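Enquirer: Those sequence lines, one after another, are chains A and B. Just so we're aligned, residue 1 is where the first sequence starts under the working numbering, counting upward by one. Just so we're aligned, residue 1 is where the second sequence starts under the working numbering, counting upward by one.
Don't take every hint at face value.
What the hints assert, rightly or not - When the alpha-carbon atoms are kept at most 25 Å apart in a straight line, the in silico BS3-like pairs for lysine-lysine are as follows:
{"#": "1", "chain 1": "B", "residue 1": "360", "chain 2": "A", "residue 2": "118"}
{"#": "2", "chain 1": "A", "residue 1": "190", "chain 2": "A", "residue 2": "111"}
{"#": "3", "chain 1": "B", "residue 1": "126", "chain 2": "B", "residue 2": "253"}
{"#": "4", "chain 1": "B", "residue 1": "7", "chain 2": "A", "residue 2": "132"}
{"#": "5", "chain 1": "A", "residue 1": "116", "chain 2": "B", "residue 2": "157"}
{"#": "6", "chain 1": "A", "residue 1": "116", "chain 2": "B", "residue 2": "126"}
{"#": "7", "chain 1": "B", "residue 1": "3", "chain 2": "A", "residue 2": "112"}
{"#": "8", "chain 1": "B", "residue 1": "362", "chain 2": "A", "residue 2": "66"}
{"#": "9", "chain 1": "A", "residue 1": "133", "chain 2": "B", "residue 2": "3"}
{"#": "10", "chain 1": "A", "residue 1": "139", "chain 2": "A", "residue 2": "38"}
{"#": "11", "chain 1": "B", "residue 1": "306", "chain 2": "A", "residue 2": "66"}
{"#": "12", "chain 1": "B", "residue 1": "181", "chain 2": "A", "residue 2": "67"}
{"#": "13", "chain 1": "B", "residue 1": "157", "chain 2": "B", "residue 2": "181"}
{"#": "14", "chain 1": "A", "residue 1": "116", "chain 2": "B", "residue 2": "59"}
{"#": "15", "chain 1": "A", "residue 1": "132", "chain 2": "A", "residue 2": "118"}
{"#": "16", "chain 1": "B", "residue 1": "362", "chain 2": "A", "residue 2": "111"}
{"#": "17", "chain 1": "A", "residue 1": "133", "chain 2": "B", "residue 2": "14"}
{"#": "18", "chain 1": "B", "residue 1": "226", "chain 2": "A", "residue 2": "133"}
{"#": "19", "chain 1": "A", "residue 1": "139", "chain 2": "A", "residue 2": "112"}
{"#": "20", "chain 1": "A", "residue 1": "66", "chain 2": "A", "residue 2": "111"}
{"#": "21", "chain 1": "A", "residue 1": "139", "chain 2": "B", "residue 2": "306"}
{"#": "22", "chain 1": "B", "residue 1": "7", "chain 2": "A", "residue 2": "112"}
{"#": "23", "chain 1": "A", "residue 1": "111", "chain 2": "B", "residue 2": "7"}
{"#": "24", "chain 1": "B", "residue 1": "306", "chain 2": "A", "residue 2": "111"}
{"#": "25", "chain 1": "B", "residue 1": "3", "chain 2": "A", "residue 2": "111"}
{"#": "26", "chain 1": "A", "residue 1": "116", "chain 2": "B", "residue 2": "306"}
{"#": "27", "chain 1": "B", "residue 1": "181", "chain 2": "B", "residue 2": "126"}
{"#": "28", "chain 1": "A", "residue 1": "187", "chain 2": "A", "residue 2": "118"}
{"#": "29", "chain 1": "A", "residue 1": "67", "chain 2": "B", "residue 2": "362"}
{"#": "30", "chain 1": "B", "residue 1": "226", "chain 2": "B", "residue 2": "59"}
{"#": "31", "chain 1": "A", "residue 1": "112", "chain 2": "B", "residue 2": "157"}
{"#": "32", "chain 1": "B", "residue 1": "253", "chain 2": "A", "residue 2": "118"}
Since the hints were derived computationally from the structure, they do not count as laboratory data. None of these values were measured; they are calculated from a predicted model.
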Amino acid sequence: MFRIKNLTKIFYGGEEVRALNDVSFEINDGELVAIIGKSGSGKSTLLNIMGLLDSASEGGYYINEKKASSLPEEEKARLRNMEIGIVLQDFALVERYTVSQNIAIPLIYSKKNLNKEKSIRDILNLVGLSEKKDTPSYKLSGGQKQRVAIARAVINNPSLILADEPTGALDSKTSEEIMELFLKLNKEGKTIVIVTHDKQIAQKCNRIIELSDGKIVSDTDLTR
Amino acid sequence: MIKEYIKLIISDIKADKKFFILLTIQTLIAFIVIGNIIGIANYTNDTIENLDSFNFSDKYYGKISTEIYTFSGITVTEMDIETERKLSYYIAENFKASGYSHNFIDAGENSYTMTFVSEDFFNIYKLETESGRLFLEEEYYSDTMENTPVILGNYYKDSYKVGDFYHNKYKVIGILKDGQKIINLAGERSKPVSVDSDVLFPVKSLSCMKQNHYEYPSSLIYSDDKAQLKAINDYAEKLGMYPFNFISLSGTKQLINHMSTQTAAPLIIISLIIITLAIFCLIQSAMLFIRRNLTELLIHRICGAKLSNILLRVSAGSFIVIFTSGVVASLIFRTVIAATGIAITGVAVLLITIIPFAVKLKRLSILSSIREGK
Ligand SMILES: Nc1ncnc2c1ncn2[C@@H]1O[C@H](COP(=O)(O)OP(=O)(O)OP(=O)(O)O)[C@@H](O)[C@H]1O
Ligand SMILES: [Mg+2]
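So here's chain A without its partners, still in its complex pose (with noise of 0.2 Å):
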């Protein structure tokens, strides 16, 4: 369970901007969460928190009930590794390494011990870049980059999902399935928060958390 609790993050340097204001919910094992909101409403800045990417200014993040600020360095590269599988907006590829070396990162700092080879093998067969394989990320379309990042994020088998806009580069169609592919997963009892403008997309969650200006003004249950 993810639970975040009056959560504030303030980014400092120049004029102050208060991307989270006091923002509270929680996430339960299985769900799949949209979050919507207008450009610059803190989306991004909340997800990065929920991947222990950035801390929170105020309040807390937790995750089991254990405070993730006061997670040693070690476990955080741990969750990060094994238990949480993110993608950034920005996809946040090594772009000289090849499609597999990009989706193999998390396997390297991996303790489960996976078939490497099958693994992306069978990754990149669920993302349609089996061809790709072995092609230089900075030669890949936004598109492909996208999938790149989504099969880099399930590799490792986590059990919270994190996606920031993973269909904002995407064609209708391919956004479909990339969305079929989040639904399966969450079918095997992943939890899947996915940041998205596309409203189709958000309709297809359980639940869609609305921010503006930092703060929630809008969480809406779909399954009832």
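Use these hints to put chain B with the ligands onto chain A, whose structure you have.
Expert: Showing chain B with the ligands alone in chain A's frame:
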């Protein structure tokens, strides 16, 4: 997946192969200089320790030559036997001469060396026999070579027994214990010398020594008056020999310390310079590596690399450079003490190189460069 991680490190190093090879050579040179410094320090220590084991009075002086002259292109470091003998008689007449003197007896195939020793010789060097006895008081200063007792070094213990005659002339009265040493006070060349193969004779009366042309034992001079010692210098000069200096045990120790400091000091400075440069180069290379690969490193962090993984990767080059040159240098010296010194220096250099990056990487937020990189 340690294999993958090692592959990554190897590819990093391969990318800068030439640079790392040069750095390894540089560090190797520094380690070799350090090994030499340790060698000098160790040698000095050993010599001083050896000197300390002969704890005899500071009133004994050894003679050291202060000048070496060249004659017809030949460097003369030893006096000729004749002159040396004369000087020994002069010393015996005017001072209390002690110690030993080697006399080579040329008898064709049966040539041998007689080592005459003074009455206090065995006390000074605390020598003991394995069988038989030492010379008695009345056996010193006799006027004749008849019935001369000898004490043999341990080397002879299988050929002679107490009671046998050495060269059919000299009655063996004792065999020395194995591994005993004496020391020549000769400045920085002072070294313990084994007596295992010596044949010791008691010093005869001066007239007997003169008659037989034996050099009087005067490797040590007992004196408490430095002005007196100057008289020997003057006499040596009269004999046409280069001047002497006289040195006591503590003086020898001082001299050896002084000499080794003088030799080691420039080496220490050189090694410090090379090591400082090497540290700069190692830090610089790690810095460049980080700058070039920051985005990659942080993406690895996002995917679960620990700080220690990153730090290890950043410092792997330095580690391999230091490790390789350290191992090579240790193999050159092949002594535990040199290897230990090199290892300690290596670890220190590595820490100095890595700590700034540990601090820097720890402060760096994971998302920072990805933003900066954009
Ligand atoms: N590192 C930073 N330093 C300063 N301000 C930041 C930083 N990151 C984000 N912000 C600010 O915080 C606010 C929220 O940013 P965030 O990236 O979370 O928005 P978003 O909802 O993801 O927007 P978009 O839909 O455009 O991706 C913005 O005003 C942004 O300028
Ligand atoms: Mg965003």
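Enquirer: Against the 25 Å threshold, does the CA-CA distance of residue 7 of chain B and residue 112 of chain A hold or violate the hint?
Expert: holds, 19 Å
Enquirer: What's the verdict on residue 116 of chain A and residue 126 of chain B, does the C-alpha distance respect the 25 Å limit or exceed it?
Expert: violated, 76 Å
Enquirer: Is the hinted pair residue 132 of chain A and residue 118 of chain A satisfied, with a Cα-Cα distance of at most 25 Å?
Expert: holds, 16 Å
Enquirer: Need the status of pair residue 126 of chain B, residue 253 of chain B: alpha-carbon distance at most 25 Å?
Expert: Holds, because 20 Å separates the two Cα atoms, which is no more than 25 Å.
Enquirer: Does residue 133 of chain A pair with residue 14 of chain B here, judged by a C-alpha cut-off of 25 Å?
Expert: holds, 24 Å
Enquirer: Keeping to a limit of 25 Å between CA atoms, is the pair of residue 226 of chain B and residue 59 of chain B held or broken?
Expert: Holds, at roughly 10 Å.
Enquirer: Has the given pair, residue 362 of chain B with residue 111 of chain A, been kept, meaning a C-alpha gap of at most 25 Å?
Expert: holds, 23 Å
Enquirer: Between the alpha carbons of residue 360 of chain B and residue 118 of chain A, is the straight-line distance 25 Å or under?
Expert: The given pair, whose Cα atoms are some 37 Å apart, is violated under the 25 Å limit.
Enquirer: Does the alpha-carbon distance linking residue 306 of chain B and residue 111 of chain A stay inside the 25 Å limit?
Expert: Holds, because 13 Å separates the two Cα atoms, which is no more than 25 Å.
Enquirer: Do the alpha carbons of residue 116 of chain A and residue 59 of chain B lie within 25 Å of each other, as the hint requires?
Expert: violated, 82 Å
Enquirer: Decide if the proposed pair is consistent with the structure: residue 306 of chain B and residue 66 of chain A, CA atoms, cutoff 25 Å inclusive.
Expert: holds, 20 Å
Enquirer: Are the Cα atoms of residue 181 of chain B and residue 126 of chain B separated by 25 Å or less?
Expert: holds, 9 Å
Hint compliance for this structure: hints 1, 5, 6, 10, 12, 14, 18, 19, 21, 31 and 32 are not met, and every other hint is.
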